[in-house]
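> Can you make the complete structure from the sequences, with help from the hints?
Protein sequences, first through last, are from chains Y and E. Okay, so the first sequence: first residue is 271 according to the working numbering, each after it adds one. Okay, so the second sequence: first residue is 271 according to the working numbering, each after it adds one.
Keep in mind the hints are simulated off the structure, nothing from the lab. Incorrect hints may appear among the rest.
For chains that are exact copies, the list does not tell them apart, and a pair is met inside one copy or across any two.
Unchecked claim - DSSO-like mimics (lysine-lysine), calculated; alpha carbons at most 27 Å apart, straight line:
{"no.": "1", "residue 1": "Lys384", "residue 2": "Lys475"}
{"no.": "2", "residue 1": "Lys501", "residue 2": "Lys273"}
{"no.": "3", "residue 1": "Lys384", "residue 2": "Lys501"}
There are 2 protein chains.
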Amino acid sequence: MSKKPILLGVLGGLGPMSTFYFCQLLTSHTHAQSDADHIDMIISSRATTPDRTAFILGHSKCDPLPIMIEEAHRLTAAGADLLVIPCNTAHYFYEGLQRACSIPIVNIIEETVKALHAAGIRRFGLLATEGTARSGAYARISASFGMECLLPTQAEQEILSTIIYDEVKQNRTPDPARLEAVASALLARGCERLVLGCTELSLLKPHLQKQEDYLDALEVLALRTILACQKTPIGFSDPLLRSGKEDFV
Amino acid sequence: MSKKPILLGVLGGLGPMSTFYFCQLLTSHTHAQSDADHIDMIISSRATTPDRTAFILGHSKCDPLPIMIEEAHRLTAAGADLLVIPCNTAHYFYEGLQRACSIPIVNIIEETVKALHAAGIRRFGLLATEGTARSGAYARISASFGMECLLPTQAEQEILSTIIYDEVKQNRTPDPARLEAVASALLARGCERLVLGCTELSLLKPHLQKQEDYLDALEVLALRTILACQKTPIGFSDPLLRSGKEDFV
Numbered sequence: 271m272s273k274k275p276i277l278l279g280v281l282g283g284l285g286p287m288s289t290f291y292f293c294q295l296l297t298s299h300t301h302a303q304s305d306a307d308h309i310d311m312i313i314s315s316r317a318t319t320p321d322r323t324a325f326i327l328g329h330s331k332c333d334p335l336p337i338m339i340e341e342a343h344r345l346t347a348a349g350a351d352l353l354v355i356p357c358n359t360a361h362y363f364y365e366g367l368q369r370a371c372s373i374p375i376v377n378i379i380e381e382t383v384k385a386l387h388a389a390g391i392r393r394f395g396l397l398a399t400e401g402t403a404r405s406g407a408y409a410r411i412s413a414s415f416g417m418e419c420l421l422p423t424q425a426e427q428e429i430l431s432t433i434i435y436d437e438v439k440q441n442r443t444p445d446p447a448r449l450e451a452v453a454s455a456l457l458a459r460g461c462e463r464l465v466l467g468c469t470e471l472s473l474l475k476p477h478l479q480k481q482e483d484y485l486d487a488l489e490v491l492a493l494r495t496i497l498a499c500q501k502t503p504i505g506f507s508d509p510l511l512r513s514g515k516e517d518f519v
Numbered sequence: 271m272s273k274k275p276i277l278l279g280v281l282g283g284l285g286p287m288s289t290f291y292f293c294q295l296l297t298s299h300t301h302a303q304s305d306a307d308h309i310d311m312i313i314s315s316r317a318t319t320p321d322r323t324a325f326i327l328g329h330s331k332c333d334p335l336p337i338m339i340e341e342a343h344r345l346t347a348a349g350a351d352l353l354v355i356p357c358n359t360a361h362y363f364y365e366g367l368q369r370a371c372s373i374p375i376v377n378i379i380e381e382t383v384k385a386l387h388a389a390g391i392r393r394f395g396l397l398a399t400e401g402t403a404r405s406g407a408y409a410r411i412s413a414s415f416g417m418e419c420l421l422p423t424q425a426e427q428e429i430l431s432t433i434i435y436d437e438v439k440q441n442r443t444p445d446p447a448r449l450e451a452v453a454s455a456l457l458a459r460g461c462e463r464l465v466l467g468c469t470e471l472s473l474l475k476p477h478l479q480k481q482e483d484y485l486d487a488l489e490v491l492a493l494r495t496i497l498a499c500q501k502t503p504i505g506f507s508d509p510l511l512r513s514g515k516e517d518f519v
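Structure, rendered in structure tokens:
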């Protein structure tokens, strides 16, 4: 080994299943001939972190940020060089977390918007938790790139919330057709692509028809993480994820 | 929250894909109505740990034990109450690791042999790395329960080693028929069950016909871990994994 490998810190558990799906994405998309070619990681899966959406919407007074800071410090103390958070909703707390943290945190929302922008997309639809939708993080970053982020209607958002909270987070498999109906409605309103902007929805991607209509934010994060850890990415099927190393910041 | 939840430490990366598959097993087999019902975990996936089998067989002088101890200390310092190692081969180093470690480590080999013993099995076949087979750990623990552990022939072992090292660890999907041929030969020699005693082989279990012929050591470890973390296990299909909490030590 010529130099110390980068130790990736994963601030996870938000939720747990998508954390491990993300770690699998990293592993299956890293060019490797043996275990030792993979990324060294330390992963905190603090499942008992207070619910992010409930706090953002004012339904709960339990602020998850102090716990997230505690976990970031735990990972930094364990030697992490770089942090990622495989959860879109948690990025509501991104600025507060990055301020409290001495190592860089890759921002899933910023990287996803940049991937859309690089592909020349002007208007996209957001499939996410109500917390992510209402926080306006995707809309704000998109606007800074001159792009428009369209949100589902309240009724459509309720369908997404049911899929995320009452099904995926409870280990139940939703009918993908309900997600696809929301997707179709957003496409009919002029969206060029739909962002799977919740890691629980990312888990459903393999079951969706017309994969080319979606961009999975978790896949974007996986690609950016592999590049940041100086590994060679392989096997990303989405054409938007085939840009090379040159545009990684 | 009435009391501080148990923090599970996972000493992983041996290999990375089976580490995350194990974490998914824990998550999908824990009864949960929200994220917060899942196990709090801290996972070290030190992919660059020296190869265990190469050292055990004397092909390499790089001893993985010091790195494993370093990772165990990292997890303990991060607050872990209990350790698990989702890798059978690494259990060659179990005693040395447990001696160096202030928290208990669940032993995948011991728990697997106990599950077979509880089911009245007298002779089983071991599908594992050459390191696990030659180390004699399964045979030794089985003998202490009055059971016999049958190893594959050298030619059969080479088939298993190819599947583990040249295929699964390189992100390639093997033809399950080759594993099944080794399994059939062991059954013909009087084995009542076959232990999937390598976490890379556990990854193939969903693709195997006659699932009832196998006991997946990683599923045993998942069940024991869920119980040790005081959660309710759900959905284990193997009848050998339906014994209750009472026999967990």
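> Next step is simple, just say for each hint if it's right about the structure.
Cross-check of the supplied hints:
1. Lys384 with Lys475: For Lys384 and Lys475, only the intra-copy Cα distance (21 Å) is at most 27 Å; the inter-copy one is 39 Å.
2. Lys501 with Lys273: within (14 Å within a copy, 41 Å between copies)
3. Lys384 with Lys501: within (21 Å within a copy, 41 Å between copies)
Of the hints listed earlier, there is not a single one the structure fails to meet.
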